[in-house]
Amino acid sequence: AQKITQTQPGMFVQEKEAVTLDCTYDTSDQSYGLFWYKQPSSGEMIFLIYQGSYDEQNATEGRYSLNFQKARKSANLVISASQLGDSAMYFCAMREGEGSYIPTFGRGTSLIVHP
Amino acid sequence: NAGVMQNPRHLVRRRGQEARLRCSPMKGHSHVYWYRQLPEEGLKFMVYLQKENIIDESGMPKERFSAEFPKEGPSILRIQQVVRGDSAAYFCASSGDRVNTEAFFGQGTRLTVV
Numbered sequence: 001a002q003k004i005t006q007t008q009p010g011m012f013v014q015e016k017e018a019v020t021l022d023c024t025y026d027t028s029d030q031s032y033g034l035f036w037y038k039q040p041s042s043g044e045m046i047f048l049i050y051q052g053s054y055d056e057q058n059a060t061e062g063r064y065s066l067n068f069q070k071a072r073k074s075a076n077l078v079i080s081a082s083q084l085g086d087s088a089m090y091f092c093a094m095r096e097g098e099g100s101y102i103p104t105f106g107r108g109t110s111l112i113v114h115p
Numbered sequence: 001n002a003g004v005m006q007n008p009r010h011l012v013r014r015r016g017q018e019a020r021l022r023c024s025p026m027k028g029h030s031h032v033y034w035y036r037q038l039p040e041e042g043l044k045f046m047v048y049l050q051k052e053n054i055i056d057e058s059g060m061p062k063e064r065f066s067a068e069f070p071k072e073g074p075s076i077l078r079i080q081q082v083v084r085g086d087s088a089a090y091f092c093a094s095s096g097d098r099v100n101t102e103a104f105f106g107q108g109t110r111l112t113v114v
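Note that the protein sequences, when read in sequence, are chains A and B. Heads up, the first sequence is in the numbering used here, so the first residue is 1 and it goes up one at a time. Heads up, the second sequence is in the numbering used here, so the first residue is 1 and it goes up one at a time.
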C-alpha cells in the first residue's frame, strides 16, 4: 500500500497567488515526521518544511506552511504569494519512528507558476 | 559547506562497465539512504545503511547492485555490468538519529549508460 499519496500530478497557479499541494499518508506509528521537498529543473532535492506528529501547531517556513490534519492523515503544503521560481516538482515524504528511519516519498506534484 | 556531498555529478559508462557512486553524509549523520529517480518519476528507495552495516536493502536489485558504508570514508553505491536501464539519477541522503529530523540530500549523480 502507498504510504504517501500525492493525487495531483500537475498544478498551475498564477504568480502572487497561493497554492495548496495535497499529501495524505498512511502509518500506524504514533511517532513520525512529515517533510516536503522541492526539486527544480536543475535536479537537486531541497528540503522545505517539516512537521512532527506530536507538533500541535502547523509548521511554517517563510512562504511555506504545512496544513497538518492528523485525524485525516493529511499534510498539505501551502505556498503563499507564488513566485516564478517556485515552478518545480514537490515531493511529500514521511519517516516513521517506530518502523524504520527510511524516508518514504510520494510520486510528486509538478507546479507551474504562470506570470 | 558541510552538506551531503555526492560525486561524480555526472557519470557516463558503456554497457558492461562498472559504476561507482560516492556519498559523504553530513557531519554528525550516521544514517545514509540511496534512492533512484527515473525521468518524470519520484524517488524509489534502494538501500539504507549505517556505519559498516546495511540496515535495509529491500529496494536494491538482487544482482549487480551493492552498497557499503565503511567505518572510514564515504558510502559507495556500486553497479556492476551496467545496462541502459540503469540510466537514472541516484540520490544519497543522510539524517541524524531522531525521526523528527529531516533527511538532507546530495545533488545526485546522473548516470548515463551508452
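Just so you know, these hints were derived from the structure itself, not from any lab. Computed from a prediction, not measured in an experiment: that's the story for all the values here. Please note: incorrect hints may appear among the correct ones.
[Unchecked claim] Straight-line alpha carbon distances no greater than 30 Å define the calculated DSBU-like cross-link-like pairs of lysine-lysine that follow:
| id | chain 1 | residue 1 | chain 2 | residue 2 |
| --- | --- | --- | --- | --- |
| 1 | B | Lys44 | B | Lys71 |
| 2 | A | Lys70 | B | Lys44 |
| 3 | A | Lys73 | B | Lys44 |
| 4 | B | Lys51 | A | Lys3 |
| 5 | A | Lys16 | A | Lys73 |
| 6 | A | Lys73 | B | Lys51 |
[Claimed, not checked] To give an idea of the chain B side of the interface with chain A (calculated C-beta under 10 Å), a few residues:
| id | residue |
| --- | --- |
| 7 | Tyr48 |
| 8 | Glu52 |
| 9 | Ser87 |
| 10 | Phe91 |
| 11 | Thr101 |
| 12 | Glu102 |
For glycine and all other residues, C-beta sits at the position ideal for the given N, C-alpha and C.
Which numbered hints are broken by the structure, listed smallest first? Of the numbered hints, 6, 8, 9 do not hold.
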